[in-house]
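So the sequences go chain by chain: A, B, C and D.
Residues in the first sequence are numbered from 14 upward in steps of one, following our numbering.
Residues in the second sequence are numbered from 14 upward in steps of one, following our numbering.
Residues in the third sequence are numbered from 151 upward in steps of one, following our numbering.
Residues in the fourth sequence are numbered from 151 upward in steps of one, following our numbering.
Keep in mind that a hint or two might mislead.
To be verified - Pairs of lysine-lysine, DSSO-like flavour, derived with a Cα cap of 30 Å:
no., chain 1, residue 1, chain 2, residue 2
1, A, LYS81, B, LYS77
2, A, LYS17, D, LYS180
3, A, LYS77, B, LYS105
4, A, LYS148, B, LYS105
5, C, LYS217, A, LYS104
6, B, LYS81, A, LYS148
7, B, LYS96, A, LYS17
8, B, LYS96, B, LYS17
9, C, LYS217, A, LYS105
10, B, LYS105, A, LYS141
11, B, LYS17, A, LYS141
12, A, LYS141, B, LYS77
13, B, LYS105, A, LYS96
14, B, LYS77, A, LYS17
15, A, LYS77, C, LYS180
16, A, LYS81, B, LYS81
17, B, LYS17, C, LYS180
18, B, LYS17, A, LYS81
19, D, LYS217, B, LYS105
20, A, LYS77, B, LYS81
As the list claims (entries may be wrong) - Covered stretches of chain A (in silico footprint by chain B; criterion: 3 or more residues with CB under 8 Å from a CB of chain B, positions within the stretch not fixed):
no., segment
21, 17-23
22, 30-41
To be clear, the hints were calculated from the coordinates, so they are not data collected in a lab.
It should be emphasised that the depicted structure is a prediction, and the values quoted were computed from it without experimental measurement.
The beta-carbon is built from N, C-alpha and C at its ideal position, and this holds for glycine as well.
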Amino acid sequence: MADKNCFSMIVDSRSVNESFVRSVISTFAAVLDPTVEEISDIKTAVSEVVTNCIVHAYPDTIGKIYIKCNTEGNVLTVRIRDKGVGIPDVKKAMEPLYTTAGDERAGLGFAVMQSFMDYLRVYSKPEKGTTVIMKKHISVRYDLRR
Amino acid sequence: MADKNCFSMIVDSRSVNESFVRSVISTFAAVLDPTVEEISDIKTAVSEVVTNCIVHAYPDTIGKIYIKCNTEGNVLTVRIRDKGVGIPDVKKAMEPLYTTAGDERAGLGFAVMQSFMDYLRVYSKPEKGTTVIMKKHISVRYDLRR
Amino acid sequence: MAVEISLSGEVITARLTGEIDHHTAVGLRKEIDNSIEINMPSLVILDFERVSFMDSSGIGLIMGRYKNLSKRGANLNISGVNPRLYKMMRLSGIERIVKVDSPLKGEKFDG
Amino acid sequence: MAVEISLSGEVITARLTGEIDHHTAVGLRKEIDNSIEINMPSLVILDFERVSFMDSSGIGLIMGRYKNLSKRGANLNISGVNPRLYKMMRLSGIERIVKVDSPLKGEKFDG
Ligand SMILES: Nc1ncnc2c1ncn2[C@@H]1O[C@H](COP(=O)(O)OP(=O)(O)O)[C@@H](O)[C@H]1O
Ligand SMILES: Nc1ncnc2c1ncn2[C@@H]1O[C@H](COP(=O)(O)OP(=O)(O)O)[C@@H](O)[C@H]1O
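Only chain A is shown next, with the shape it has when bound in the complex (with noise of 0.2 Å):
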């Protein structure tokens, strides 16, 4: 079982982040010893809601995203905010296949997030910006070379 240990990021909102954050996020895991299955689980979520904050939240300008990630005992805790445009309806835009944007986006974002990884609470303000909060239960392995 692994130390408590946590960590805080600022990233612009820029696209090349995407790939960026999420290695940062999985690295941080290692330590939890993730299966490969779970670490692209949390890959992907986390993605997604760093993709919302760069495509939704700062839609035509540059802004800042906050997040901030926790290990303790055997659960992932990541937190991502942004302070961009918010979200009028939230229990609307969580609905799959729900999307403002065009055709090419799915309207999946917030269902991947709920269905890879075991907790998701979003908080949202118009004008004011856009907190998820996600949590992954790591599984413990019984590996006798270690």
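We have chain A; now place chains B, C and D with the ligands onto it with these hints.
What follows is chains B, C and D with the ligands alone, placed relative to chain A:
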């Protein structure tokens, strides 16, 4: 040539974060398409700075390490700050082989930063903390496959 | 991220390599649509065998190509989907409208 | 990070694998010193062939073992040093006191 991009991050002064931070910074620098040598230089120098925060700045406590990074043109700038014990005589501390720690520290941290990076500045105040600023110029490669 | 496009008769095969996210999807979309525009295929096969990561932007990419091809009366197939990508495809329900051809389909992620 | 220790006559070979930093050096030091304590070798070879990263903590590790062995009248050799590690060894001047045995020694990083 890459756009200007930046991130900032705060991590605990736990030794497990030595590898985390160097991997984050080298991932961030990856947009500049550094060579394997350059990545290795950056990782090594960053590892020295973070280790100093853990070993020297906060010898008996877990403190916070403050990191800022940016890429501009093909230059990576890394700024790492602690609010630890500080260094009374920076010039002396930077001499190769000088160490205040035991036998297992080589006293080479600053020498590595100096020789592996292209720019190094160290600011410190006893009881206030230390700031290290480093820059690395990434060579521009002309890769026809890209 | 890269795409390698090959043409055989009226069939375009687009072999995707690397990570698909919102950042990389833009370039992929342009290259594939460009080839559709020029070659007027009756079938496009998107091959995901060498894709190492994909978020829902990949579904957007598939849906967008599907709509583009449907308008032209052409078809879209998906191939080389590993279990991790399949998890995403399944969540999106895309297999109900596009043929997803995968040896591993449904085997590991049905639970 | 791992170390694989083997004994042959009075020679201990410690094969290091992975990344050496302040975090991982602690465990390595203990394992190697423990084996020196028990086996009383006349020579210890530290093999860096499988080391993928090393900061100056690795030099601390070598210096510490060198001092420990000198006290006992035993020797230390270093082997399997690639050009990147050699850059660090060279900076430290450690090759002036410890035999650094490397096929690539000085070839690429002499400038
Ligand atoms: N951070 C955010 N800021 C503002 N609006 C958001 C944010 N995240 C999501 N939304 C809104 O919720 C909708 C659904 O999001 P999602 O399920 O991720 O699908 P998609 O990103 O494909 O549109 C988005 O179209 C957008 O209107
Ligand atoms: N962040 C810091 N806070 C306080 N003291 C420091 C810090 N960084 C370096 N020092 C001092 O400078 C000395 C030399 O540092 P360095 O060259 O990195 O060698 P080493 O870490 O092996 O001692 C250290 O022994 C310590 O006294």
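Distance restraint between LYS141/A and LYS77/B, which requires alpha-carbon spacing of 30 Å or less: 28 Å, holds
Hint consistency between LYS17/B and LYS180/C [alpha-carbon to alpha-carbon, up to 30 Å]: 25 Å, holds
Chain B covers the segment 30-41 of chain A, three or more CB atoms within 8 Å, holds or violated: Check passed, 6 qualifying residues.
Restraint status (C-alpha distance of LYS77/A to LYS180/C at most 30 Å): Holds. LYS77/A to LYS180/C sits at ~28 Å (cutoff 30 Å).
Given hint LYS17/A paired with LYS77/B - CA-CA distance at most 30 Å: Measuring from Cα to Cα gives roughly 14 Å; hence the hint holds.
Given pair status - LYS141/A, LYS105/B, alpha carbons within 30 Å: 50 Å, violated
Agreement of LYS77/A and LYS81/B with the hint, judged by alpha carbon distance not exceeding 30 Å: At roughly 14 Å apart (the allowed maximum being 30 Å), LYS81/B and LYS77/A satisfy the hint.
30 Å Cα cutoff - pair LYS96/B, LYS17/B: 28 Å, holds
Hint consistency between LYS77/A and LYS105/B [alpha-carbon to alpha-carbon, up to 30 Å]: 40 Å, violated
LYS81/A paired with LYS77/B [C-alpha distance capped at 30 Å]: 14 Å, holds
Straight-line alpha-carbon gap LYS148/A to LYS105/B, limit 30 Å: 47 Å, violated
Hint consistency between LYS217/C and LYS104/A [alpha-carbon to alpha-carbon, up to 30 Å]: 28 Å, holds
Hint violations for this structure: numbers 3, 4, 10, 13, all remaining hints satisfied.
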